[in-house]
Amino acid sequence: MLLTLAFRNLWRNQRRTLLTLSAMVVSAALLILALGVFSGMFKDMLASATEQYYGHLVLAEPAYHLRRDLFSSLPAKLADLPALKEAPEITGRSPRLRSFGLLSRRDTSQPVELLGMIPELEQQVTSLQHELTAGRYPAAEDRNAALIGHSLARKLKVQPGDELVFVTQAADGSIGNDLLVVSGIFATGDSRHDNNLVLAPLPWLQQVLVLPGRIHEVAMLVNDPMNAAQVANRLNPLLPDNLKILDWGILLPEMREVIAAYDVSRMIIVTILYLATGLGILNTFFMSVMERTREFGILMAQGMRPWAIRGLVLLETLLLGCIALTIGLLCGALMTLYMQEIGIDLAEYITPVTYAGGTILPRLHAVFEPGNFAVPAGMLLLVSLFAGFLPANRAARLDPVAAVRED
Amino acid sequence: MFLSEGKKHLVCLAAALCLALFSGPALALDVQALIREIEQQYMGVSSQANTIMQVRTANWERTLEMEAWSLGRDYFLVRILEPAKERGVATLKRNREVWNYLPKVDRVIKVPPSMMGGSWMGSHITNDDLVKANHIDEEYRLRLLEESGTHYVVECLPKPDAAVVWGKIIYRVRKQPQVPEQVDYYDEEMVRVREIHFDDVQQIGDRIVPLRLTVLPLEKPGETTILHYRELVYDLPLEESFFSLRNLKQP
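Protein sequences appear in the order of chains G and A.
First residue of the first sequence? That's 134 in my numbering, and the numbers climb one at a time after it.
First residue of the second sequence? That's 75 in my numbering, and the numbers climb one at a time after it.
Take the hints with a grain of salt, since some may be wrong.
[Stated by the list, open to error] The following residues of chain G were derived to be distant from chain A, with all beta-carbon distances above 12 Å:
no. : residue
1   : Leu135
2   : Ala196
3   : Arg238
4   : Arg239
5   : Asp240
6   : Pro244
7   : Gly306
8   : Leu376
9   : Pro386
10  : Leu406
11  : Val486
12  : Leu497
13  : Arg527
14  : Arg538
[Claimed, not checked] Below 30 Å or equal to it, Euclidean Cα-Cα: the simulated DSS-like pairs (lysine-lysine) are:
no. : chain 1 : residue 1 : chain 2 : residue 2
15  : G       : Lys290    : A       : Lys184
16  : G       : Lys290    : A       : Lys178
17  : G       : Lys377    : A       : Lys184
Just so you know, the hints here were simulated from the structure itself, not pulled from any lab data.
Since this is a predicted model, take the numbers as computed values, not measurements.
We put the CB at the ideal spot given by N, CA and C, even for glycine.
Please work from the sequences and hints to get the whole structure.
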């Protein structure tokens with residue numbers, strides 16, 4: 134009975150209700166879209182840091198990520214450790230050897246970071262194969278093919294097919310040096326990788342460094358990056374003592390901070406937006422309660438209890454909230470879907486920005502994330518109830534005699 | 075006539091002696107010349123040397139046999155003879171530039187400014203040491219810190235606008251024969267980070283030089299580089315053209 138009454142009451146002043154409703158719908162939908170775009174940006178950032186270089190998890194000696202010590206090497210067969218092989222969350226494992234040295238062509242030399250890797254395994258972990266601007270990814274049978282960043286290629290003035298010399302200090306103290314042939318050039322937008330990073334076959338680098346059968350780390354990909362820390366915590370007790378799996382949150386502490394800060398700023402934005410929406414709802418229902426003072430008086434005079442009056446007004450706001458929510462979520466989801474599938478390319482206006490170890494790409498692109506729907510939805514209902522509470526209280530406390538006399 | 079000639083000489087000698095006595099400080103040690111001599115003790119006008127370099131680090135040890143040539147303070151060429159794997163690897167310094175030749179890939183690589191602080195041939199000697207060491211008397215303000223009966227101690231502080239690597243260098247030099255005993259290198263925070271000790275003092279031609287130097291990087295205890303001169307010949311007829319990129323590649 135109350136519900137039917139509440140529903141009918143809502144449509145007694147259609148214009149006002151529709152205006153309030155549209156304000157709620159628009160705020161919810163835009164909020165969902167904005168949060169989706171935010172999430173998209175952070176996902177791009179995280180992906181640029183992890184899927185272009187680190188991976189989500191890295192198995193190495195505990196201090197390796199701090200000092201990058203040439204001598205912290207491990208047997209290459211560690212990549213096939215049963216604990217890693219059998220973990221269902223791990224979707225890719227790439228054994229790597231790392232060297233810092235000088236890459237030169239004719240009179241030009243540049244300091245570089247060279248990663249020795251096995252092409253088909255590395256492509257399961259990082260996605261540089263999707264960022265090629267020239268040439269191709271090194272193939273399994275290439276002995277000394279190199280994939281290099283486009284800024285580095287420009288500085289060294291090389292094209293695919295050109296020869297380069299890599300010089301570094303080998304593990305036996307000798308001067309490790311050998312030729313590389315550029316097979317491909319990548320552009321990630323992250324200046325450090327585009328300027329510095331070179332990928333070459335693992336056996337080639339093992340020979341240059343005189344570290345046969347050795348690697349420095351196993352980079353891994355998991356199905357849900359946000360779950361990487363839990364996977365690391367579960368696997369670490371199963372590993373030998375001198376080894377540790379670190380997740381991207383430890384390798385890139387700034388990135389973890391950024392994501393934590395994002396969660397807080399999401400709440401702040403939601404609060405501000407809904408405070409405004411809440412005031413609108415409050416206004417609507419105060420007006421509606423004032424207008425109906427006489428009506429409430431009659432209802433009470435006929436024996437309706439104050440709690441029922443309160444319930445009626447609250448139900449009206451809640452109903453309005455639910456309708457707004459349904460339409461708002463739908464619109465928000467549709468807009469998010471559009472931004473996910475098509476997005477907006479900003480490459481003409483801005484260049485990629487590297488921040489906190491990740492790169493913000495020049496595009497607006499949204500992703501679906503449950504929290505981006507749940508938080509606005511929950512808040513919208515809460516705000517509706519809260520904004521309905523004051524008018525409902527007022528209506529319930531009316532003195533029937535005075536109320537009936539009111540005009 | 076002869077007598078008066080002799081008298082003249084005597085007068086001159088006496089005058090010179092007086093001058094020496096009264097203007098003692100002015101005629102005292104020329105610190106700059108002393109340091110320049112030390113830094114170029116293995117070079118002379120030109121030189122050729124055969125050296126053994128033993129490098130010991132926490133992770134490996136190795137011994138290299140090298141042949142080196144120099145001309146003045148600006149030209150220097152060194153080539154590895156042993157071990158066989160690195161035979162022919164060579165370094166050429168012309169003025170302030172350094173090139174390395176790598177026979178395995180048959181390429182000459184110029185050491186870029188960013189790598190000048192890097193290790194030379196895997197030792198505890200840097201490329202900068204090769205380039206800048208013999209310019210110490212130009213880029214540092216030198217001061218005699220201490221003088222005892224047997225030793226000089228000279229302090230070198232960088233000139234205000236000099237692009238140098240060390241914050242301070244202290245030379246401890248023996249007076250007779252005049253040879254360095256120890257050089258201490260301090261970083262910008264005035265922490266002593268490296269010592270070079272000299273010993274095995276020998277007479278080579280008309281010079282007296284310590285034939286062995288030991289480099290101790292103090293932040294890496296236990297690591298050393300020992301450079302031992304087995305043969306040293308001074309004042310050979312070497313031309314500038316000998317120190318060419320083409321000659322760098324000759325086996």
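Now the hints, each set against the structure:
For leucine 135 (chain G), the non-interface assignment is confirmed: its Cβ lies about 78 Å from the closest Cβ of chain A, beyond the 12 Å cut-off. No beta-carbon of chain A comes within 12 Å of the beta-carbon of alanine 196 (chain G); the shortest separation is about 15 Å. With a cut of 12 Å on Cβ distances, arginine 238 (chain G) falls inside the contact zone with chain A, its closest approach being about 9 Å. With a closest Cβ-Cβ approach of about 9 Å to chain A, arginine 239 (chain G) is found to fall inside the 12 Å limit, against its non-interface label.
For aspartate 240 (chain G), the shortest C-beta to C-beta distance to chain A comes to about 6 Å, within the 12 Å cut-off, and the non-interface label is violated. The beta carbon of proline 244 (chain G) is not kept farther than 12 Å from every beta carbon of chain A, the shortest such distance being approximately 6 Å. Distance to chain A contradicts glycine 306 (chain G) as a non-interface residue, since its nearest Cβ pair spans about 4 Å, not more than 12 Å. At the 12 Å boundary, the C-beta of leucine 376 (chain G) stays outside the reach of chain A, the nearest C-beta of that chain being 20 Å off.
Against chain A, the non-interface label of proline 386 (chain G) holds: every CB pair exceeds 12 Å, the least being about 27 Å. Under the 12 Å C-beta cut-off, the non-interface status given to leucine 406 (chain G) relative to chain A holds; the minimum distance is some 50 Å. Distance check for valine 486 (chain G) against chain A: the nearest CB is about 25 Å away, which clears 12 Å, and the non-interface claim stands. The beta carbon of leucine 497 (chain G) sits about 38 Å from the closest Cβ of chain A, which is more than 12 Å, so the claim that it is off the interface holds.
With 12 Å as the threshold on Cβ separation, the claim that arginine 527 (chain G) sits away from chain A holds: the shortest Cβ distance comes to roughly 73 Å. Here arginine 538 (chain G) stays apart from chain A, with its beta-carbon at least about 89 Å from theirs, past the 12 Å limit. Taking the CA atoms of lysine 290 (chain G) and lysine 184 (chain A), the gap is near 16 Å; set against the 30 Å cutoff, the hint holds. Between lysine 290 (chain G) and lysine 178 (chain A), the direct Cα distance comes to roughly 23 Å. Compliance with the 30 Å bound is thereby established for this hinted pair.
Taking the CA atoms of lysine 377 (chain G) and lysine 184 (chain A), the gap is about 40 Å. The hint is violated against a cut of 30 Å.
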